[in-house]
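Asker: Generate the whole structure from the sequences, applying the supplied hints.
Protein sequence lines correspond, in order, to chains A and B.
Residue 123 in this note's numbering sits at position 90 of the first sequence, and the numbers go up by one each step.
Residue 197 in this note's numbering sits at position 102 of the second sequence, and the numbers go up by one each step.
Because the hints were derived from the structure by calculation, they are not lab data.
In this text, a Cβ means the ideal position worked out from N, Cα and C, and glycines have one as well.
One or more of the hints may lead you astray.
Unchecked claim - Below, a list of computed lysine-lysine pairs in the DSS-like style, where the Cα atoms sit at most 27 angstroms apart:
| no. | chain 1 | residue 1 | chain 2 | residue 2 |
| --- | --- | --- | --- | --- |
| 1 | B | 166 | B | 152 |
| 2 | A | 140 | A | 102 |
| 3 | B | 166 | B | 109 |
| 4 | A | 143 | A | 102 |
| 5 | A | 36 | B | 152 |
| 6 | B | 152 | B | 109 |
| 7 | B | 152 | A | 140 |
| 8 | B | 104 | B | 166 |
| 9 | A | 147 | A | 36 |
| 10 | B | 104 | A | 143 |
| 11 | A | 36 | A | 102 |
| 12 | B | 166 | A | 140 |
Said to hold, decoys possible - Cβ-to-Cβ under 10 angstroms is the rule here; a few derived chain A residues that face chain B:
| no. | residue |
| --- | --- |
| 13 | 75 |
| 14 | 107 |
| 15 | 135 |
| 16 | 138 |
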Amino acid sequence: DAKTTQPNSMESNEEEPVHLPCNHSTISGTDYIHWYRQLPSQGPEYVIHGLTSNVNNRMASLAIAEDRKSSTLILHRATLRDAAVYYCILRDPLNYGGSQGNLIFGKGTKLSVKP
Amino acid sequence: NAGVTQTPKFQVLKTGQSMTLQCAQDMNHNSMYWYRQDPGMGLRLIYYSASEGTTDKGEVPNGYNVSRLNKREFSLRLESAAPSQTSVYFCASSDIRGIFHTQYFGPGTRLTVL
Numbered sequence: 034d035a036k037t038t039q040p041n042s043m044e045s046n047e048e049e050p051v052h053l054p055c056n057h058s059t060i061s062g063t064d065y066i067h068w069y070r071q072l073p074s075q076g077p078e079y080v081i082h083g084l085t086s087n088v089n090n091r092m093a094s095l096a097i098a099e100d101r102k103s104s105t106l107i108l109h110r111a112t113l114r115d116a117a118v119y120y121c122i123l124r125d126p127l128n129y130g131g132s133q134g135n136l137i138f139g140k141g142t143k144l145s146v147k148p
Numbered sequence: 096n097a098g099v100t101q102t103p104k105f106q107v108l109k110t111g112q113s114m115t116l117q118c119a120q121d122m123n124h125n126s127m128y129w130y131r132q133d134p135g136m137g138l139r140l141i142y143y144s145a146s147e148g149t150t151d152k153g154e155v156p157n158g159y160n161v162s163r164l165n166k167r168e169f170s171l172r173l174e175s176a177a178p179s180q181t182s183v184y185f186c187a188s189s190d191i192r193g194i195f196h197t198q199y200f201g202p203g204t205r206l207t208v209l
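Answerer: Spelled out as structure tokens, the structure:
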């Protein structure tokens, strides 16, 4: 399985943008890049996903490098509620059935937001 | 919609005791999952059920059994609890009809085995 590498922790100030990096140098052509986050004492929640083009939704933006070997999750204005562990996960839609389709969580990036 | 619910929220067991963690979802999802999360670690898959009537082992199945009772409910049983099973347990569900199989997680059960 293709692996991802994320910094262990990052800090941000409230209302400032946050750029969370993820390296995935062995990504395959069919892997989608998914981001989940886990707020303190809660289960993970889906944030965003993309394949090649940059993606935006109400929660965040995802910027994908042209060679797809890295991506960046962008929170445009961090709030205290965004303090969480952010997981970057590669998923191949062709392998969604069976154990290969299951989410593989690394340690993620712990984001702290200062008021 | 309640989404994914788990009971109990907290549990303390003694070594050797048994218990069942309950999970239910009201999103009409086909697939359900059980994960465990140890301190400072990411989640690891214990068992999953791709559809009603089927269950399969994940990464760390030893010491656990599961039952997919119906489409809504997926339970995890510890037959003889060990201190190494102290963890936070998360249940999740996903819709295989959706192309990206987004998983929706419950709030977790915090289990301590003494």
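Asker: CA of residue 166 of chain B to CA of residue 109 of chain B, is that 27 angstroms or under?
Answerer: violated, 32 angstroms
Asker: Should the hint that residue 135 of chain A touches chain B count as held when the rule is a Cβ pair under 10 angstroms?
Answerer: holds, 5 angstroms
Asker: Against the 27 angstroms threshold, does the CA-CA distance of residue 36 of chain A and residue 152 of chain B hold or violate the hint?
Answerer: Status holds; Cα separation ~21 angstroms.
Asker: Given the hint that residue 166 of chain B pairs with residue 152 of chain B, test it: the Cα-Cα distance must not exceed 27 angstroms.
Answerer: Measuring from Cα to Cα gives roughly 18 angstroms; hence the hint holds.
Asker: Taking only the CA atoms, is the gap from residue 147 of chain A to residue 36 of chain A under or equal to 27 angstroms?
Answerer: Violated: residue 147 of chain A and residue 36 of chain A sit about 30 angstroms apart, past 27 angstroms.
Asker: Quickly compare the C-alpha distance for residue 143 of chain A and residue 102 of chain A to 27 angstroms and report which way the hint goes.
Answerer: holds, 22 angstroms
Asker: Using Cβ atoms only, decide whether residue 75 of chain A comes closer than 10 angstroms to chain B, and label the hint accordingly.
Answerer: For residue 75 of chain A, the interface hint holds, since the closest Cβ of chain B sits about 6 angstroms away, which is under 10 angstroms.
Asker: Are the Cα atoms of residue 166 of chain B and residue 140 of chain A separated by 27 angstroms or less?
Answerer: Violated - the C-alpha atoms of residue 140 of chain A and residue 166 of chain B are around 31 angstroms apart, more than 27 angstroms.
Asker: Given the hinted pair residue 152 of chain B and residue 109 of chain B, is their Cα-Cα distance within 27 angstroms?
Answerer: holds, 25 angstroms
Asker: Within a Cα-Cα threshold of 27 angstroms, do residue 104 of chain B and residue 143 of chain A meet the stated pairing?
Answerer: holds, 24 angstroms
Asker: Quick check on residue 138 of chain A please, does its C-beta sit within 10 angstroms of some C-beta on chain B?
Answerer: With a minimum Cβ separation of about 3 angstroms from chain B (threshold 10 angstroms), the hint on residue 138 of chain A holds.
Asker: For the pair we were handed, residue 36 of chain A and residue 102 of chain A, check the Cα-Cα distance against 27 angstroms.
Answerer: holds, 11 angstroms
Figure legend: structure checked against the earlier numbered hints; hints not met, in rising order: 3, 9, 12 and 14.
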